[in-house]
Amino acid sequence: MHKYILKRILMMIPVLIGVVFIMFFISSLTPGDPAQIILGEGATEAAIAQVREEFGLDDPFLMQFGRYLLGIAQGDFGVSWDTQRPVQEEIFARFPNTMQLAGMGIVLALMLGIPLGILSAVKQYSAWDFGATFIGLIGVSMPNFWLGMLLIMLFTVNLGWLPATGFSEPLMWILPTFAIGTGSASIIMRMTRSSMLECIRQDYIRTARAKGQIERKVIFRHALKNALIPVTTTAGLSFGFLLGGAVLTETIFAIPGLGSFMVQSLQRRDWPTAIGGALLIAISFSIVNLLVDILYAILDPRIRSQYR
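Numbering of the sequence shown is given in the working numbering, commencing with residue 1 and proceeding in unit increments.
Keep in mind that the hints were calculated from the coordinates and are not lab data.
Since this is a predicted model, take the numbers as computed values, not measurements.
We put the CB at the ideal spot given by N, CA and C, even for glycine.
One or more of the hints may lead you astray.
[As the list claims (entries may be wrong)] Pair by pair, the computed Cβ-Cβ distance ranges are:
| no. | residue 1 | residue 2 | range |
| --- | --- | --- | --- |
| 1 | I26 | L6 | 27 to 33 Å |
| 2 | L29 | P170 | 39 to 45 Å |
| 3 | S126 | Q202 | 19 to 25 Å |
| 4 | R269 | A49 | 15 to 21 Å |
Just need the whole structure built from these sequences, with the hints factored in.
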C-alpha cells in the first residue's frame with residue numbers, strides 16, 4: 001500500500017511542472033512589456049530597464065523558468081505585478097473561500113447524486129427512474145452560471161429569502177452551493193445508477209437473495225459497496241472541476257475567492273498571480289486525486305494485492 005501511495009505522489013511532480021511550464025510559456029507569448037505593466041504608462045526608459053534587470057526579464061526563457069521553479073520549491077511564488085505584494089499572500093488569503101465553496105458543492109452532489117442513483121437503479125423503468133433521469137439531464141445541461149442567475153432572480157429578487165452576494169454568513173452559502181453542485185450531482189447520479197445496475201445483475205447478488213437476505217441488506221451491503229468504486233473516481237474528478245468551475249460562480253455571487261481573483265489578475269495581465277493561482281488549484285486537484293486513488297485501493301482489494 002505504501003508503494004502504491006509513493007508511486008502516485010511521484011506521478012504528481014511532472015504534472016505540476018507541466019502546469020507551470022504551460023502557464024509560463026503562455027505568459028511569455030502575450031504582447032506587452034512586463035516592466036511597462038509593473039511601472040505604468042508614464043515610466044521612463046531608465047526605470048523600465050532597471051525593472052527588467054531586477055526581475056531578470058532579459059534572461060532566456062528557460063533560465064527564467066528554472067529560476068521560477070527554484071523559487072516555488074523554496075515556497076516563493078514571486079511578487080504580484082499589480083499589488084506589489086507576495087503572490088502567496090494574495091492567493092492564500094482567498095483560497096479558503098474557493099475550497100469551501102467546492103467542498104460544499106461536492107457534499108451536496110454526493111448527498112443528492114448517490115441516493116437518487118440508487119433509487120433510480122432499484123426502481124428501474126419506474127416513475128422514480130424517469131423522474132431522476134430527467135432531473136439529471138437538466139442538471140447536466142444547465143450551466144452553473146445560468147442556474148446561479150435563476151436562483152438569484154427567484155430567491156433574492158422575487159422572494160427576498162436569501163442574499164445574492166457575499167460569503168461571510170451561512171445564508172450566503174446556500175445559493176452558490178446549489179449553483180455549483182447540481183451539475184456534479186447529476187453526473188454522480190448517472191454514474192451511480194449505471195454502476196448499481198451492473199452490480200445488481202451479478203451472480204453474487206442473486207446468490208445473496210437466494211440465501212434469504214433482506215433486500216435492503218443486499219442493496220446496501222453487497223451491491224452499493226462495489227458500485228461505489230467508479231462513483232468515487234467520478235466524485236474526485238468532479239471536485240477538481242468544481243475548483244476550476246468556481247470562477248464563474250464566484251463572479252456571479254461576488255465571492256472573494258481565488259477564481260474571481262485569477263480572472264482579475266488575467267485582465268490586468270498580472271502573470272505571477274495568475275500562474276500561482278493555477279498552480280495552487282493544480283496542487284489541490286492532484287491531492288484530491290491522490291486521496292481518491294487511496295480510497296479506491298481501500299474499496300478494491302485487487303489493487304491492494306498488487307502492492308503487497
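Results for each hint:
no.	hint	in the structure
1	I26 <-> L6: 27 to 33 Å	holds (32 Å)
2	L29 <-> P170: 39 to 45 Å	holds (44 Å)
3	S126 <-> Q202: 19 to 25 Å	holds (21 Å)
4	R269 <-> A49: 15 to 21 Å	holds (20 Å)
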